[in-house]
Amino acid sequence: MVPLWFYLIVAAALFCIGTFGVLARRNGVAVLMSVELMLNAVNINLVAFWRYLTPEKINGMAFAAFIFVVAAAEAAVGLAIIISVYRNRRSVIPEEADTLRG
Amino acid sequence: MEITIVTVAFIVFALISLGGAIGVVTCHNLFRGTIWLMVSLFGAAGFFVLLSAPFLAAVQVLVYIGAIAILFTFAVMLTRSISNLKTRFTRLNINIAAAIALFVLLVVGVIGPVFILNPDLQQPVSSVTRTTIDLGEAFARGNSFALPFELASLLLTAAMIGAIVIARESDDEV
Chain A
1 MVPLWFYLIV AAALFCIGTF GVLARRNGVA VLMSVELMLN AVNINLVAFW
51 RYLTPEKING MAFAAFIFVV AAAEAAVGLA IIISVYRNRR SVIPEEADTL
101 RG
Chain B
1 MEITIVTVAF IVFALISLGG AIGVVTCHNL FRGTIWLMVS LFGAAGFFVL
51 LSAPFLAAVQ VLVYIGAIAI LFTFAVMLTR SISNLKTRFT RLNINIAAAI
101 ALFVLLVVGV IGPVFILNPD LQQPVSSVTR TTIDLGEAFA RGNSFALPFE
151 LASLLLTAAM IGAIVIARES DDEV
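The listed protein sequences correspond, in order, to chains A and B.
Per my numbering, the first sequence runs over residues 1 to 102.
Per my numbering, the second sequence runs over residues 1 to 174.
Everything labelled a hint here was simulated from the structure, so no lab data went into it.
Quick reminder that beta carbons are idealized off the backbone N, C-alpha and C, glycines included.
You may find that some hints are simply not true.
To be verified - A few chain A residues facing chain B, derived, Cβ under 8 Å:
#1 Pro3
#2 Trp5
#3 Phe6
#4 Ile9
#5 Ile17
#6 Arg26
#7 Ala30
#8 Leu53
#9 Glu56
#10 Ala75
#11 Ile82
Said to hold, decoys possible - Per the computed footprint, the stretches of chain B lying under chain A, defined by three or more beta-carbons under 8 Å from a beta-carbon of chain A, are:
#12 5 to 13
#13 19 to 32
#14 47 to 58
#15 64 to 76
#16 103 to 115
Let the sequences and hints guide you as you build the complete structure.
Structure, rendered in structure tokens:
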């Protein structure tokens with residue numbers, strides 16, 4: 001098999017691309033898609049560490065499965081919030097949703 | 001290091017997942033962005049196959065590509081407006097610099113010293129792995145992951161009800 005750090009490099013690159021998307025994109029839907037990329041990078045890391053370091057335990061796989069569940073819940077609630085904001089303000093730009101700003 | 005079929009498959013999946021991710025964050029048309037997201041998630045599913053977790057790969061295709069990417073497609077189509085097509089990025093240069101700095105920090109600070117220079121952490125400690133059957137038993141056994149499993153289902157139910165309540169039209173509330 002390829003060395004463990006191959007997976008870590010690819011996952012780090014995916015995470016940083018997702019970070020860039022979260023910081024730089026002006027569209028709320030694109031920001032959420034970048035968050036999904038970051039969660040995906042974390043999942044690759046979890047499964048890679050499980051396979052290379054503790055393949056005789058089940059914890060790594062189980063945690064990756066829980067990340068799937070949390071990512072699904074996050075996507076559903078996040079998109080509902082974006083649709084609600086869009087309906088009220090006609091905008092999906094996160095900076096313009098500033099009603100709660102002091 | 002000799003080039004094996006696994007190495008070739010790893011490089012192909014890495015290109016698929018990283019190329020899809022770059023497509024997601026740079027694409028002008030967000031509908032195409034969701035297609036790129038599907039491409040990137042498919043590459044990650046390939047990684048799970050290479051890491052001998054075929055169940056997670058199947059869940060990745062079914063849940064991420066089949067459900068979450070479709071959800072994003074719906075959100076893109078429901079929030080289409082002219083204003084979000086004008087400019088794609090805010091503070092582009094400083095954000096690119098921040099992302100590259102984070103990557104360099106991760107590689108030089110963590111991955112390099114701990115994992116590249118350490119020969120003990122290069123290859124799997126054993127070729128015997130737990131299987132999907134073990135995962136299913138762990139989710140059903142009381143002294144293992146049964147309680148977190150049930151809590152996860154409760155979290156999903158609460159999130160779905162919350163999403164319906166948040167996204168509902170306000171003029172038809174009772």
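Requested in this report: Sort out which numbered hints this structure fails and list those numbers smallest first.
Outcome: none
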